[in-house]
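Line by line, the protein sequences are chains A, B, C and D.
Per my numbering, the first sequence starts with residue 17, numbered consecutively.
Per my numbering, the second sequence starts with residue 17, numbered consecutively.
Per my numbering, the third sequence starts with residue 17, numbered consecutively.
Per my numbering, the fourth sequence starts with residue 17, numbered consecutively.
Please note that a few of the clues may not be correct.
Chain copies aren't distinguished; within one or between two, either way the pair holds.
Unchecked claim - Computed list of lysine-lysine pairs in DSS-like fashion (alpha-carbon distance at most 30 Å, straight line):
1) K131 / K164
2) K66 / K164
3) K86 / K102
4) K66 / K338
5) K216 / K63
6) K276 / K66
7) K131 / K66
8) K277 / K338
9) K164 / K63
Hints listed in this document are in silico derivations from the structure and should not be mistaken for laboratory results.
Take a look at the letters that make up each chain.
4 protein chains.
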Amino acid sequence: MIIIMRPQVTEAEIQGVETKLKSLGLKANISRGVERTIIGAIGDERKLNKETFLALPGVDNVMRVVKPYKIVAREWHQEDTIVDIKGIPIGGNTIQIIAGPCSVETQEQMDSAAKNIAKVGCRLMRGGAFKPRTSPYSFQGKGLEGLKIFRQAASKYNLPIVTELMDVRYLDDFLKQGVEVIQIGTRNMQNFDLLKEVGKTHIPVILKRGLCATISEWLMSAEYIAAGGNHNIILCERGIRSFETAYRNVLDVTAIPVLKKETHLPVIVDPSHSGGKAYLVPALAKAAIAAGADGLLIEMHPTPCDAWCDADQALTPDELEKLMPELRAITQAVGRDM
Amino acid sequence: MIIIMRPQVTEAEIQGVETKLKSLGLKANISRGVERTIIGAIGDERKLNKETFLALPGVDNVMRVVKPYKIVAREWHQEDTIVDIKGIPIGGNTIQIIAGPCSVETQEQMDSAAKNIAKVGCRLMRGGAFKPRTSPYSFQGKGLEGLKIFRQAASKYNLPIVTELMDVRYLDDFLKQGVEVIQIGTRNMQNFDLLKEVGKTHIPVILKRGLCATISEWLMSAEYIAAGGNHNIILCERGIRSFETAYRNVLDVTAIPVLKKETHLPVIVDPSHSGGKAYLVPALAKAAIAAGADGLLIEMHPTPCDAWCDADQALTPDELEKLMPELRAITQAVGRDM
Amino acid sequence: MIIIMRPQVTEAEIQGVETKLKSLGLKANISRGVERTIIGAIGDERKLNKETFLALPGVDNVMRVVKPYKIVAREWHQEDTIVDIKGIPIGGNTIQIIAGPCSVETQEQMDSAAKNIAKVGCRLMRGGAFKPRTSPYSFQGKGLEGLKIFRQAASKYNLPIVTELMDVRYLDDFLKQGVEVIQIGTRNMQNFDLLKEVGKTHIPVILKRGLCATISEWLMSAEYIAAGGNHNIILCERGIRSFETAYRNVLDVTAIPVLKKETHLPVIVDPSHSGGKAYLVPALAKAAIAAGADGLLIEMHPTPCDAWCDADQALTPDELEKLMPELRAITQAVGRDM
Amino acid sequence: MIIIMRPQVTEAEIQGVETKLKSLGLKANISRGVERTIIGAIGDERKLNKETFLALPGVDNVMRVVKPYKIVAREWHQEDTIVDIKGIPIGGNTIQIIAGPCSVETQEQMDSAAKNIAKVGCRLMRGGAFKPRTSPYSFQGKGLEGLKIFRQAASKYNLPIVTELMDVRYLDDFLKQGVEVIQIGTRNMQNFDLLKEVGKTHIPVILKRGLCATISEWLMSAEYIAAGGNHNIILCERGIRSFETAYRNVLDVTAIPVLKKETHLPVIVDPSHSGGKAYLVPALAKAAIAAGADGLLIEMHPTPCDAWCDADQALTPDELEKLMPELRAITQAVGRDM
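Sequences are here, hints too, so could you generate the full structure?
Have a look at this one:
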């Protein structure tokens, strides 16, 4: 940690910082420059809060030198993590396409979806039984009943399931239903109690990025799960909020190479929620793979016009089928397989 | 709801929309303009999802006419709501200053804080026993023990307490400790299960705005609480995220008059978290009252330099004491009292 | 244009809107719904200002139905525009890579750059003689002398040049030097007098997107150039500003398919300025082509460590050479050539 | 400047940084910490570009210690600057309200506006003869003729005029018409050639903040003007762009105390353009003064419904008259006069 003092700093103020550092078990390296005095903290800065020093008299600014995350940091774990989901790897050379409808509606809908997903060659299935909806008057998901419908449909085609957990009280039910991948949604990226609970299991977790979360905050949320002992974490970029109104969210494609540098965890992308329109999905899906993503989370609904939520962003089975070889071409162009 | 069709729309596509509207119990008003055909939905549009229509062939755009919130809307409830907290009104002509430390640390700290708060004339006290922290390695709050410490300190000075609930599993403990005001924090503004649970109680709720929540989304979260039966809701603006790095968040002062037009609920402002620096608090606090806020949530710590979190944003007792008459002057200038 | 009236609207207010519409040569279609009265304007809404109607008594909201741009809109010009630069097409099936240093420094630097650019197979060269710099104390570009240096270096290798015009007073010099492509930079996207002047020429223009310009505003700036008679416009996405601090700007990859739908103009991407770091360029360049971009603007410097500006974002000649076949692979995967 | 090296840095890389610093006339202070080696630059860091060092091998991050602006910095000029406009001070204890229509339309309109402005006690008048409009098809301002109309109307009531300059080629006309205050608009905040030209005059300049300009970038633009010799600079906050769509822009009220700390220049606020709606002006105007602004720029039109642009954000003469005593009350509450 680097502590920059104000221009007319006094010796007493410099000593105040030094004393505080010592009381926290670190040493001070004091450098008196032409315009500013700068104090470097020698020791493990992860123990320190920036704010503690910003509150001291004479301090102008404080900068961290070391990244605040550790278990998830590539700095401490060089090789890529591959999360194994019933033998299906996420991370590594193979790209996975996870497809399925936004929400579980009926057994027929899920059976039809599962059949199509298996047919086009996807190896995992997504679907929401518990839905976070902006309005209390919108369809809130089928709940536990939906989870059972989903389980039954997916099992028929041997597809591991990915589904969102919103409330700690339902974790046991997820375990009972053998959910293979728990999704932590955008709105819960900083629901720390929920992160702690899934951190105690060993079930793979897809951690979606918050709508305006920085990459650092996102990795700190992953660190919450990892700190509990669960290292089976997959990061999912799903668009961030901006001023633009021509589409729903900006897909942050730059986050992909940044994450590849900062962390060893696999990174997937949700091109459906980010753009919010079916017509945008092919371009965003290809861009994500070209930029280095390890997989995609794509919405597909047997009959999008009848979908109970987000009808305008789901692909039809035919559109997904047409997209698959296009994605395969990009995958090969970047030297990977699908 | 207004449905705008594409330029070269066909009659079959127009009929498709009409059929869908009828199936949902509404009528269609079709207007063929020079460049576009436009279909107006006649009936209760709150039942409709925009996406359902965006997914239909020939549809270019869909716009809502009616606001999605109802119970919290001023349109349906003209007079200002005044939330009563043990005889202390929030909303109405009197402005309330709620002060206290970021987090509960020790009994001495809370006793000292409570004493100072009562002394300067504040009538409610804030403090966090459960703390949402970006890092799993930061102090996470004293938990239940902290709640008891807080209760004891505040009761000595007859100060109702405001404290954050992060996890549904602790609601019973909050009830047992007689928490007078439950705070729903920024990160939980769209934790819908938590909103539903506090909606079932009658305890006043301070609902903080999410870091990048639109005003409409925020009011929809309030609607979640109200829909459960709890109408004792206070909205708290606490800064939104932007590109600026010179301070923590932008205080959205414009939200105050917008909310006053859109909703009957009281609106308070947290000038401490929004700016993130003690030196900004006086200017932001005065601006908030000048713009029409009904109260403030201010961080004050007996000795900020020793605070366990957010040390650089808390006022000292002396600073708070000096600020109070300045706030009173602004209050009088806008024709209100404190 | 759709005009939505307030809930308790009076007949006089409705007539006021009707009268205003008539005075502007349009007709009113009045629809009295369950909760709201809605007035549709029949006629050419491009003549109307939203604000004129928002200011009338009884009006709650006003929504445009027709896009505000016309010459650049795909709606009015279905086939893709191909801009011809001395026989080199931008737009169409072939992807162009425009490379070169951020700023013109010396004849040796530019000669070396041109040689490398030609060698790796790029067909156009970029370089700045006039530099928009945040600080008045930073290197401001070599000016006219730089333009001549650039001209000489590029001509030796038959490379048309792309260079930024910041000030209307230098347009004649650009014409005299035979600049093949004028770049309008991010900070000048809404310098309307500059747009009008380049609109009077027939020189191809690369119009970079403003740092927080919406796609609609950007297309309106293109419309300024087109309205002057110059239809040789190339749009360049170069990242938009967000809250994220891990890189410089967010590359808005979603803008590519949106632009392809909205306009017939070619779209290129600048992966160097958007990320602001050389290590991000390969991933962003590949993502841009995968998403449908028609070309790239890449910074390359013979010796980046010695560059006079933006040293950390330029590729070395070797890095560019290594990148070219990777880009070619993506190009082929999307069925195009390079 | 602080240069943070990568974890596994080599001695050669450290020496590379040292050599570079020496070549630029600075010394290196090398500090080898537990996890990182950090190099401090001893000397005038304003000569250095961050990018130069970020491009060197082994460098992880670079942080500035000293602010990049100097003439406009409070650090170098402690007392507040008061800009004198024909005897009317901006800055200091007196708050100035500058009012007038968005654009000059007719002599009658401007005469009527001037009369009302003088009547309610405002001492400066604003109005636009050259208008930056998003669309080439919108009214672009009356140009020089408008300037003359404005001059005549304002002179009758002895009101100095504030008007926007968009194009360097019109500066002479502004001088000829004796424009008392030149406004540099939002879209031209980084039109550096324009800044340099007004920097050569001694006419007071109102420099509006760019739509997504950081405070630091804004001060650097002021530094451009100051570096030319013109220190008569007034900063004008007018709202920044965000994700919120309930109003036009977020008034960045926090910028006011930040600017008061960072610079000695006066700061005014435009509550009309920021919110974009007349009903928001009173709340925003009061908030601005409460937060420490030195003045306001308010749109007032004799008959807003007939205004040729931004009709919905102008106050009527009666609304302005009613607002003045409310602003005076806030002014007195903060110990200033009007």
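Structure-based check of all given hints:
1. Proximity of K131 to K164 under the C-alpha cut-off of 30 Å is restricted to the intra-copy arrangement: shortest distance 17 Å within a copy versus 56 Å between copies.
2. When the C-alpha separation of K66 and K164 is checked against a cutoff of 30 Å, the pair qualifies only between copies, where the shortest distance is 29 Å, while the shortest distance within a copy is 47 Å.
3. Proximity of K86 and K102 under a CA criterion of 30 Å is satisfied intra-copy only: 27 Å inside one chain copy versus 47 Å between copies.
4. Proximity of K66 to K338 under the C-alpha cut-off of 30 Å is restricted to the inter-copy arrangement: shortest distance 27 Å between copies versus 52 Å within a copy.
5. In this assembly of identical chains, K216 and K63 lie within 30 Å of each other by CA distance solely inside one copy; the values are 24 Å within and 40 Å between copies.
6. Proximity of K276 to K66 under the C-alpha cut-off of 30 Å is found in both arrangements, the shortest distances being 27 Å within a copy and 24 Å between copies.
7. Proximity of K131 and K66 under a CA criterion of 30 Å is satisfied inter-copy only: 29 Å between copies versus 53 Å inside one chain copy.
8. Taking CA atoms no more than 30 Å apart as the test, K277 paired with K338 passes between copies only; the shortest distance there is 20 Å, against 33 Å inside one copy.
9. Taking the closest pair of Cα atoms, K164 and K63 come within 30 Å of each other only across two copies (27 Å); inside a single copy the shortest separation is 45 Å, beyond that limit.
The structure meets every hint from the earlier list without exception.
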